[in-house]
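Q: Residue numbers (our numbering), protein chains in the order written: chain A, 17 to 339; chain X, 17 to 339.
There could be a bad hint or two in this list.
Which copy is meant is left open, so a pair is good if it fits within one copy or across any two.
Simulated pairs of lysine-lysine, BS3-like, Cα-Cα distance not exceeding 27 Å [what the hints assert, rightly or not]:
# : residue 1 : residue 2
1 : Lys122    : Lys274
2 : Lys317    : Lys151
3 : Lys274    : Lys317
4 : Lys274    : Lys211
5 : Lys309    : Lys122
6 : Lys122    : Lys281
7 : Lys106    : Lys317
8 : Lys106    : Lys281
9 : Lys151    : Lys44
Just so you know, these hints were derived from the structure itself, not from any lab.
So the chains spell out like this:
There are 2 protein chains.
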Amino acid sequence: MEANGEQYAANFSSIKEAQKRISLYIHKTPVLSSETLNAMSGRSLFFKCECFQKGGASNAVLSLDEDQAIKGVVTHSSGNHAAALSLAAKLRGIPAYIVIPKNAPKCKVENVVRYGGQVIWSEATMHSRESVASKVLEETGAVLVHPYNDGRIISGQGTISLEFLEQVPLLDTIIVPISGGGLISGVALAAKSIKPAIRILAAEPIGANDAAQSKAAGRIITLLETNTVADGLRAFLGDLTWPIVRDLVDDVITVEDKEIIEAMKLCYEILKVAVEPSGAIGLAAVLSDGFRKNPAWQDSKKIGIVLSGGNVDLGVLWDSFRK
Amino acid sequence: MEANGEQYAANFSSIKEAQKRISLYIHKTPVLSSETLNAMSGRSLFFKCECFQKGGASNAVLSLDEDQAIKGVVTHSSGNHAAALSLAAKLRGIPAYIVIPKNAPKCKVENVVRYGGQVIWSEATMHSRESVASKVLEETGAVLVHPYNDGRIISGQGTISLEFLEQVPLLDTIIVPISGGGLISGVALAAKSIKPAIRILAAEPIGANDAAQSKAAGRIITLLETNTVADGLRAFLGDLTWPIVRDLVDDVITVEDKEIIEAMKLCYEILKVAVEPSGAIGLAAVLSDGFRKNPAWQDSKKIGIVLSGGNVDLGVLWDSFRK
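Please model the entire structure based on the sequences and the hints provided.
A: Here it is, written out as structure tokens:
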């Protein structure tokens, strides 16, 4: 797809190729709905449970040719991407080197180990993470797979829209969490290729609102610091995701942390889906006053919400049970 | 279906009728799987997410004729049945009177209110619950719908097997939580009608093992007290469920509370499904030494696990987030 004469890092045909490539390796995720949440929001909501998806990096790993693949893959993300990359590498039978800062939450490290990734520790700073990753690249000859600023990742994420619009063709709007922009770029490219009038909205925490600021400024804005409970949404747009977000994302809805927690609670109690705060932000957005009272979105009636991730740290809950 | 010359409270044709009756009112629930859990258990596991089901009492409510229905329905269960009955009654436009003991967990009361049930308080004793329910029956002329000892409920639950075996025809075993026996009676009746050689196993907490004791004794055994974290599994078999459990449930696997909590943790962290302890007991059973090392179950290779309920009280988790 092109817009403004610009070629993006992914397009409808790379997304359809990704779907063929990964179809044997991914789960088809269900779409849930709830009359209670429909009544609360005043819209018809359809929740695409990507939090059940374990194969989020399959396209990137399966795209590698044999000579590259055999040396393995590297990343210095410690979130869902790290677990997904570990699993995809395991399925292909190649090593995954995951650089993780020493202060990462235990559940994220456990997920990487569970899916067969090799944990390589770094200090907490981005500088240390990057330099450790560079050293691993040098020593192993492995390929760096960035969590979002990568055409293969964007194409893989785009397959969500192919599946979602097949399951619920009548969607007029899709709301997607935004962090580095990989997920929403893929979703937007595929959805607007199938249904050009569909509205794509990003949901972002106020404490990490670089996408909202970037859209307003017309260029990539990064923040000196971020402050949000949604720790999966603290990354900034990259040079490959920004042009897609700029052109194809209709707007960014920002929400407060307390709205995210309230939405997360509704996901557990009503949908019975165990999401992390980042994953619940789409529901927070659709329930926010900023969205509900905005005349511009009154005609968003049938709204798809992507529930992403699931790395919630449940230590506190288990501890309370074990007492 | 008959066995031992006995007619049960439900049968394959009442279950197929229930399916026709409720098809517009229920969600088709997804089946999830996980390579990690397959590796841990040494079997292929298929999780039927009935915890996403909101329509668990639809058949009972839709079966009522108009004259009966208009006066409403009553129950003195405060668990998932109360919420399901409230919702089914709301959809039919009739009142649901839910007798709830004053010490019931807040989340259960909230669920009833959310689905439109009228809460009527009783003391915590079974005597008080029953006498308050009797008074409501007398004053309103409403119909008592028992949470499990009711052919309409058993038939409705049986539709789970119709759906499950359509989604995963190769199942050789289904493991179902057992409490009063309504869920497993329906599942067993339907599954053995479709696939007579299928194995049906009950999963029960050691601290509420009336079903295991009843099977061993050949008659209904009730307990003076129960002690388990799985508060949805504390009911005893009834006169309508016992004959079905006696004849069609192949065995009862008992598990300890700490195994239930561990399985619940795996449901959250790996499946990303928010179940209550009762709902996770099937996974606890399949991971227990008692099951894994028992030669009798070695040929259970493709195991369906019914994940039921979802009324977990998440207060503690939210409080920790709000600090």
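Q: Next, verify each hint and record whether it holds.
A: Hints, one by one, checked against the model:
no., hint, verdict
1, Lys122 <-> Lys274, "both (24 Å within a copy, 21 Å between copies)"
2, Lys317 <-> Lys151, "neither (50 Å within a copy, 45 Å between copies)"
3, Lys274 <-> Lys317, "within (25 Å within a copy, 45 Å between copies)"
4, Lys274 <-> Lys211, "neither (34 Å within a copy, 50 Å between copies)"
5, Lys309 <-> Lys122, "neither (40 Å within a copy, 31 Å between copies)"
6, Lys122 <-> Lys281, "both (22 Å within a copy, 14 Å between copies)"
7, Lys106 <-> Lys317, "between (41 Å within a copy, 24 Å between copies)"
8, Lys106 <-> Lys281, "between (33 Å within a copy, 24 Å between copies)"
9, Lys151 <-> Lys44, "neither (37 Å within a copy, 50 Å between copies)"
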